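J.: Here are the chains, one letter per residue:
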Amino acid sequence: MSAFTGIGEEREIEREEFTPGLEPQPTWCPGCGDFGVLKALKGAMPEVGRTPDETLLVTGIGCSGKLNSYFESYGFHTIHGRSLPVARAAKVANPGVEVVAAGGDGDGYGIGGNHFMHTARENHDMLYIVFNNEIFGLTKGQTSPTSPKGHKSKTQPSGSAKEPIRPLSLALTSGASFVARTAAVNPNQAQRILTEAMEHDGFAHVDFLTQCPTWNKDAKQYVPYIDANESDDYDFDPTNRAEAQEMMRQTEEKLYEGEVLTGIYYRDDDRPSYGQEKRAIGEMPEEPLAERYFDDDYEWERSADLLLDKHR
Amino acid sequence: MTDDELIWRIAGGSGDGIASTSQNFAKALMRSGLNVFTHRHYPSRIRGGHTYTEVRASSEPVRSRGDGYNFLLALGDSFARNPREGAYYGNEEAKPLLENLDDLHEGGVIVYDSGLLDEDDTDNLDARAEANGWHVYPIDLRTMAREHGREVMRNTAGVAVTCALTGIEPETITGMMSDAMPDKILDPNLNVFNQAYDYVHEEFDVDAPDVTVPEGEHDEEQVLLSGSDAIAYGAIDEGCRFIAGYPMTPWTEVFTIMSQALPQVGGISEQVEDEIAAAALALGASHMGTKAMSGSSGGGFALMSEPLGLAEMTETPVVLIEAMRAGPSTGMPTKPEQADLEHVLYTSQGDSQRVVLAPGTVEEAYDHSRQAFQLAYEYQIPTILLYDQKLGGELVSVPASHFDREPNPATGKMLTEAEIEDAPHDASGKFERFRHDVDDGVSPRTVPGQKGGRHLVTGNEHNPPGHISEDPDNRVAQMDRRAEKMSAIRAHLDDDSLNYHYGPENAEYGILTFGSQQGTVEEAVDRLNETGISVKSLTVGEMMPYPIDEVSAFLDSVDEALVVEMNASAQFRGLTQKELGAYGDRMASLLKYNGNPFEPAEVVEGFETSIDGDDQVSGNETRFVPAAGD
Chain E
621 MSAFTGIGEE REIEREEFTP GLEPQPTWCP GCGDFGVLKA LKGAMPEVGR TPDETLLVTG
681 IGCSGKLNSY FESYGFHTIH GRSLPVARAA KVANPGVEVV AAGGDGDGYG IGGNHFMHTA
741 RENHDMLYIV FNNEIFGLTK GQTSPTSPKG HKSKTQPSGS AKEPIRPLSL ALTSGASFVA
801 RTAAVNPNQA QRILTEAMEH DGFAHVDFLT QCPTWNKDAK QYVPYIDANE SDDYDFDPTN
861 RAEAQEMMRQ TEEKLYEGEV LTGIYYRDDD RPSYGQEKRA IGEMPEEPLA ERYFDDDYEW
921 ERSADLLLDK HR
Chain R
545 MTDDELIWRI AGGSGDGIAS TSQNFAKALM RSGLNVFTHR HYPSRIRGGH TYTEVRASSE
605 PVRSRGDGYN FLLALGDSFA RNPREGAYYG NEEAKPLLEN LDDLHEGGVI VYDSGLLDED
665 DTDNLDARAE ANGWHVYPID LRTMAREHGR EVMRNTAGVA VTCALTGIEP ETITGMMSDA
725 MPDKILDPNL NVFNQAYDYV HEEFDVDAPD VTVPEGEHDE EQVLLSGSDA IAYGAIDEGC
785 RFIAGYPMTP WTEVFTIMSQ ALPQVGGISE QVEDEIAAAA LALGASHMGT KAMSGSSGGG
845 FALMSEPLGL AEMTETPVVL IEAMRAGPST GMPTKPEQAD LEHVLYTSQG DSQRVVLAPG
905 TVEEAYDHSR QAFQLAYEYQ IPTILLYDQK LGGELVSVPA SHFDREPNPA TGKMLTEAEI
965 EDAPHDASGK FERFRHDVDD GVSPRTVPGQ KGGRHLVTGN EHNPPGHISE DPDNRVAQMD
1025 RRAEKMSAIR AHLDDDSLNY HYGPENAEYG ILTFGSQQGT VEEAVDRLNE TGISVKSLTV
1085 GEMMPYPIDE VSAFLDSVDE ALVVEMNASA QFRGLTQKEL GAYGDRMASL LKYNGNPFEP
1145 AEVVEGFETS IDGDDQVSGN ETRFVPAAGD
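Just so you know, the protein sequences line up as chains E and R, in that order. Reading the first sequence from the start, the letters are residues 621 to 932 in our numbering. Reading the second sequence from the start, the letters are residues 545 to 1174 in our numbering.
Using C-beta positions, here's what the derived DEER-type ranges look like:
#1 E/Asn734 <-> R/Asp548: 49 to 57 Å
#2 E/Leu758 <-> R/Ser972: 20 to 28 Å
#3 E/Thr775 <-> R/Ser1101: 56 to 64 Å
#4 E/Gly669 <-> R/Asp966: 27 to 35 Å
#5 R/Gly1125 <-> E/Gly902: 51 to 59 Å
#6 R/Phe623 <-> E/Thr793: 35 to 43 Å
#7 R/Glu1028 <-> E/Ala839: 46 to 54 Å
#8 R/Ala971 <-> E/Asn734: 34 to 42 Å
#9 R/Asp1174 <-> E/Gly770: 57 to 65 Å
#10 R/Asp548 <-> E/Leu926: 35 to 43 Å
#11 R/Asp548 <-> E/Arg932: 22 to 30 Å
#12 R/Ala971 <-> E/Gly669: 24 to 32 Å
Here are the simulated DSS-like cross-link-like pairs (lysine-lysine), alpha carbons at most 27 Å apart as the crow flies:
#13 E/Lys874 <-> E/Lys769
#14 E/Lys930 <-> R/Lys728
#15 E/Lys782 <-> E/Lys772
#16 E/Lys782 <-> E/Lys874
#17 E/Lys840 <-> E/Lys662
#18 R/Lys995 <-> E/Lys659
#19 E/Lys662 <-> R/Lys995
#20 E/Lys874 <-> E/Lys840
#21 E/Lys837 <-> E/Lys662
Simulated from the structure, these hints should not be mistaken for lab results. None of these values were measured; they are calculated from a predicted model. From the three backbone atoms N, C-alpha and C, an ideal C-beta is built for every residue, glycine too.
Hey, can you work out the whole structure from these sequences and the hints?
T.: Next up, the structure:
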């Protein structure tokens, strides 16, 4: 019998289970887009049928990193940029747990950019939400990796000389098997995309536009948004890599022209997840590794039996 | 001349098979009943560059490299760069023959491959040989190997020549070859071996060998393994089934051994993008309830500073290993040094809350590795195993029984779901992971997926259920609780010490050292006592929390102490002085930081210098620093 009966419970799940009973009120600024992520995630959990006890929310540093303070589940608030390496090992150690990683655009595309590329490449079965507000919020409004060229801030007084990161294109190039963008101003689409992303068996990257009314744009500046999957003005097939790539390019350019495009840009549902790949080559046990430490009957192997002969 | 020990040096270039040849030779001598100890020297280069391994073999216990060597098999560097007049790297082709030749004992033997090394290119070898009583055998090993097998088998020919010249029974080696080689290459190798062996008997008078090999017999079965092997095996026997890493010399050895072993036991190895990720993955795996490790060498370990601090703050058990090499920066990647001590003690922001252990021998590498996991999981704390390129790479014969131990997969205070039901929760239903009042400062934990165990962990200061908190009272309570773990670990280690005393208890003088210099210091202690100087040694294995009482008692019991370590700034002496707050007036330092480990004679000389008071050691290999007070 599993030592983890919290995993795979068959019961009705309410979104309110994900609201902490104590201090449920987030400390984000009024009008912050982060509320939209919290709401969409709470709404998506019952849809994918996962409970607080079988969910691990791993976050980085910044306003976004406080997500797990306001979301009732197992939570690991890591350090700046390092949510993904913690999250992917958690998934490998116990694949039964629903692992969600989250952080800001500085966290994910700046300081943690290397981990982003490699986690996408490995295609771990997890959802990664990047709160993209195009600014460093908690440190009071500095230019971030997604701030547009020319963006002025206290640390870039003459305006940024750099092109912004193109997060969707970067995810695709790096190997993510599900790439989407949604926005806090679009709660229904956001909940649907997070649900599909969690249901996807592979690395699902969701670039979540979260307005920062205090230091950057307010909600109005992300309206009107266009759902590229629905709009008659755009026609592409998200399972076609080349078309997805072109649509991402347009989306990333238009954001800085004031046109907010969102939707599911790419999905490859046939690609095996990392866990499947690792098991296929015999380098990951069929039964979750975490179970073994609770199994009193397990016969632990000894180095003397396994390895000492070649030294004789 | 006969010696009571053989110190055989095989020298060539990187890629010439020096490591595998010397390993088989050492193992063959071990099987014949001798105790063996190897010392490796190699450059950070794939092909070419002066490389040698010394195999020291004796019927007596050997716990160190020797002083110099008495048999040189110089194969020549087959990947040498073309020498130019004034090239900073000199004549690489001849280096295996001519480098460190002063260290060859009087009456020693030189065999060199005249098929590769031009006899006209050997400087004044003949004159030096005559002055030192060396016996020189130029033999065309390359042609011999090519004619009877393949050219790469010149190493085999060289080993056969060694046997013929020293009286080692050929079966000692050929039996080993039969076990180690697949049939396809065994036959030509055996052919080369026999031809070379016979050639020596035909061409030279070997009835009275210039250098002989002693005979020995073991009381119990021996195995030949390295510190890296021992660390990995200790981890496996503690139930570690997850490792994450990034290649870096010399830590790569442990990573490689684990990566090959873990799939056989249902474990997982992850090679990842950098060392920040590697350590963070180990934390993630441990957080889920598995036993996990990561590691690196100096530069890679620097990248682990952040996750190390996160492990301290979140109280995530993890073992990190640090294989030191000469620094700063890229330093000398393949050379040993002990200069990362302060780095591992203090890196990462805030007050250090970690355990640092430093094994000194292959057996200790296994024992400390096991203890590292026990402390990490029992006390929910990161434990660092600090060693160096020397201990990691040297092959030593040790009793097989040392590794014949029962596994211990225990994970400390990790609750089952049944136990969680009765454990304290807050009003939100969160499990109180970080309670203020708990035994030894260790608050029980739960892991994701367990029903009713959900809680938060964070690198921020936090309250009992794991929420971020900057409340001053909570802050002090949590800091004090985490500090209490260090006191509990100190008491734990006092009952089960990892420090090693050697020599007469009532000795007049002391030598203090740590890590891989242990065996060399102990050999020096023996030699000094034989010459009538009463001295004992203490090798400290517990770097943090430091064994203040034990070291104080040691220093109180002697008139003066010499602190031996491989770095330039006397970090271990500094740590000892800082922790003890005294004894600065009776601790002198003997330092070495030229990329080579101490030889026993250097420690003997350094010690004599310290008690003579002339404060000068000969040559420029080591440096003596007199006691300076507190």
